[in-house]
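Work the whole structure out from these sequences, hints included.
So the protein sequences, as listed, match chains A and B. Read in full-length UniProt numbering, the first sequence has 64 at position 64, and its numbers run on one by one without any break. Read in full-length UniProt numbering, the second sequence has 227 at position 227, and its numbers run on one by one without any break.
None of these hints come from the bench; they were simulated from the model. Incorrect hints may have been included.
For chains that are exact copies, the list does not tell them apart, and a pair is met inside one copy or across any two.
[Unchecked claim] Result set (BS3-like, lysine-lysine): computed pairs, CA atoms no more than 30 Å apart in a straight line:
{"id": "1", "residue 1": "K74", "residue 2": "K159"}
{"id": "2", "residue 1": "K74", "residue 2": "K174"}
{"id": "3", "residue 1": "K209", "residue 2": "K159"}
{"id": "4", "residue 1": "K209", "residue 2": "K74"}
{"id": "5", "residue 1": "K174", "residue 2": "K159"}
Number of protein chains: 2
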Amino acid sequence: MAVSSEHPTVLVVEDEPAQREVLYYNLQAEGFEVVTAADGDEALLLVEEEAPDIIVLDWMLPGISGIEICRQLKTRSETRGIPVIMLSARSEEVDRVRGLETGADDYVIKPYSVLELMARVRNQLRRVRPATVGQRLQYDDIVLDAETHRVTRGDHPLKLGPTEFRLLTTFMEKPGRVWSREQLLDRVWGRDIYVDSRTVDVHIGRLRKALCQHGGDDPLRTVRGAGYALG
Amino acid sequence: MAVSSEHPTVLVVEDEPAQREVLYYNLQAEGFEVVTAADGDEALLLVEEEAPDIIVLDWMLPGISGIEICRQLKTRSETRGIPVIMLSARSEEVDRVRGLETGADDYVIKPYSVLELMARVRNQLRRVRPATVGQRLQYDDIVLDAETHRVTRGDHPLKLGPTEFRLLTTFMEKPGRVWSREQLLDRVWGRDIYVDSRTVDVHIGRLRKALCQHGGDDPLRTVRGAGYALG
DNA sequence: CGTTCCTGTGACAAGGACGTAACATCTGTA
DNA sequence: TACAGATGTTACGTCCTTGTCACAGGAACG
Numbered sequence: 001m002a003v004s005s006e007h008p009t010v011l012v013v014e015d016e017p018a019q020r021e022v023l024y025y026n027l028q029a030e031g032f033e034v035v036t037a038a039d040g041d042e043a044l045l046l047v048e049e050e051a052p053d054i055i056v057l058d059w060m061l062p063g064i065s066g067i068e069i070c071r072q073l074k075t076r077s078e079t080r081g082i083p084v085i086m087l088s089a090r091s092e093e094v095d096r097v098r099g100l101e102t103g104a105d106d107y108v109i110k111p112y113s114v115l116e117l118m119a120r121v122r123n124q125l126r127r128v129r130p131a132t133v134g135q136r137l138q139y140d141d142i143v144l145d146a147e148t149h150r151v152t153r154g155d156h157p158l159k160l161g162p163t164e165f166r167l168l169t170t171f172m173e174k175p176g177r178v179w180s181r182e183q184l185l186d187r188v189w190g191r192d193i194y195v196d197s198r199t200v201d202v203h204i205g206r207l208r209k210a211l212c213q214h215g216g217d218d219p220l221r222t223v224r225g226a227g228y229a230l231g
Numbered sequence: 001m002a003v004s005s006e007h008p009t010v011l012v013v014e015d016e017p018a019q020r021e022v023l024y025y026n027l028q029a030e031g032f033e034v035v036t037a038a039d040g041d042e043a044l045l046l047v048e049e050e051a052p053d054i055i056v057l058d059w060m061l062p063g064i065s066g067i068e069i070c071r072q073l074k075t076r077s078e079t080r081g082i083p084v085i086m087l088s089a090r091s092e093e094v095d096r097v098r099g100l101e102t103g104a105d106d107y108v109i110k111p112y113s114v115l116e117l118m119a120r121v122r123n124q125l126r127r128v129r130p131a132t133v134g135q136r137l138q139y140d141d142i143v144l145d146a147e148t149h150r151v152t153r154g155d156h157p158l159k160l161g162p163t164e165f166r167l168l169t170t171f172m173e174k175p176g177r178v179w180s181r182e183q184l185l186d187r188v189w190g191r192d193i194y195v196d197s198r199t200v201d202v203h204i205g206r207l208r209k210a211l212c213q214h215g216g217d218d219p220l221r222t223v224r225g226a227g228y229a230l231g
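This is how it looks when you write it as structure tokens:
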């Protein structure tokens with residue numbers, strides 16, 4: 001799960017553009033990273049690529065229905081833990097039971113109050129996200145404290161620049177996961193920044209050097225043709 | 001007053017369950033302790049029991065009205081210091097004057113923006129807490145007495161201006177934590193004030209000079225690309 | 001073994017972030 | 001009004017960070 005301690009990522013799946021806009025705007029205003037999908041296929045793709053922290057899912061969708069997406073997500077172990085909030089129009093209310101049966105974690109009826117939806121999103125996030133106070137990430141002997149922006153490796157404080165810090169944060173949020181260069185550019189550099197993807201390589205190198213500045217093995221793994229991973 | 005320097009307690013008085021939920025979620029998400037009351041009697045009881053740091057009070061309530069509760073609180077000396085933020089529907093707006101007359105410290109009209117309400121809650125707390133908390137904050141050899149507004153470093157009294165004092169207070173409430181320039185502007189300057197974020201840098205410089213006016217290391221840490229921290 | 005593609009890394013120029021002095025305002029006070 | 005203290009803004013210098021390139025080393029593959 002892509003838990004950026006600062007900005008959890010929300011995936012909004014909604015085919016109606018106006019609705020999508022509203023959700024996008026409000027969620028972003030609340031400080032979330034937001035990605036949107038207009039149909040089921042795009043949604044499933046983005047779940048892979050973006051590893052969102054939570055999904056807001058419209059019931060009625062062209063192609064694969066919301067309920068089907070939800071079922072698929074909840075059967076796969078990698079995605080089972082991502083909370084899903086279902087949206088449905090009042091007339092579909094009868095299906096509420098079925099919605100929750102498929103594993104949706106919460107259920108909101110249109111027309112919904114934006115405030116209420118925000119509250120429910122936060123609620124689900126709070127329920128699911130590591131309850132660790134002060135957001136401390138750990139992998140092996142590497143400890144990253146998001147609040148103080150400090151990183152240590154076996155008692156030695158590490159000195160690393162802003163970009164390396166963000167890179168390492170991303171890796172430590174999900175140790176073992178392989179991130180493509182594009183995904184890293186998205187998360188670490190920002191969605192609409194253009195930089196050469198080789199730049200990632202250079203920064204990986206810098207991060208490696210920083211992590212080993214007091215000795216120890218290189219914990220970063222290069223996955224040829226795919227990207228990089230921690231451990 | 002229930003002074004936990006980490007988590008101030010907010011009492012929410014609101015009869016409408018959905019509204020109460022929204023407030024509860026949002027305030028809790030912001031890190032407050034929250035207690036809720038559905039009517040006036042419960043509210044007055046909880047004020048005794050929980051000694052909240054601030055009260056968010058709906059105007060329309062079954063039984064004792066919000067305005068009456070506010071009047072009662074503001075006449076008793078034990079509770080006079082607790083800030084009250086009134087909520088009222090637009091149609092009741094005409095009563096704004098009367099609301100403030102009874103001693104409410106701020107006034108928000110429904111439908112309100114959650115962000116705005118949070119800002120106002122924080123504003124009121126910031127206004128009152130430093131004075132009431134009367135705590136002595138300490139970090140290393142630096143001692144800050146909120147009540148007397150005095151700061152010493154290893155027996156030497158330090159001379160610093162109001163802004164530097166507030167800055168230092170913020171840092172000392174959570175040593176080590178990195179504050180972004182925007183967060184500092186929020187807390188130290190106030191939410192709706194517009195000042196250039198570089199101004200923070202200048203005041204950090206002034207605070208540094210003040211802290212070292214009798215020698216000693218600079219305890220403030222610059223975190224490039226992120227902000228500043230104490231220690 | 002040779003070719004081709006992918007990755008690691010040193011060098012470097014450009015840009016950005018930060019520290020600070022100087023200046024103009026503003027406020028309260030005598 | 002004159003004055004002192006405090007504040008916000010600007011400008012400029014310095015240092016750090018960063019993106020890109022070029023080239024070398026290696027892996028996959030026939």
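Cross-check of the supplied hints:
1. K74 with K159: Answer is neither: 36 Å inside a copy and 53 Å across each miss the 30 Å cutoff.
2. K74 with K174: within (19 Å within a copy, 40 Å between copies)
3. K209 with K159: both (10 Å within a copy, 25 Å between copies)
4. K209 with K74: So K209 and K74 fail the 30 Å test inside a copy (40 Å) and across (57 Å) alike.
5. K174 with K159: both (22 Å within a copy, 22 Å between copies)
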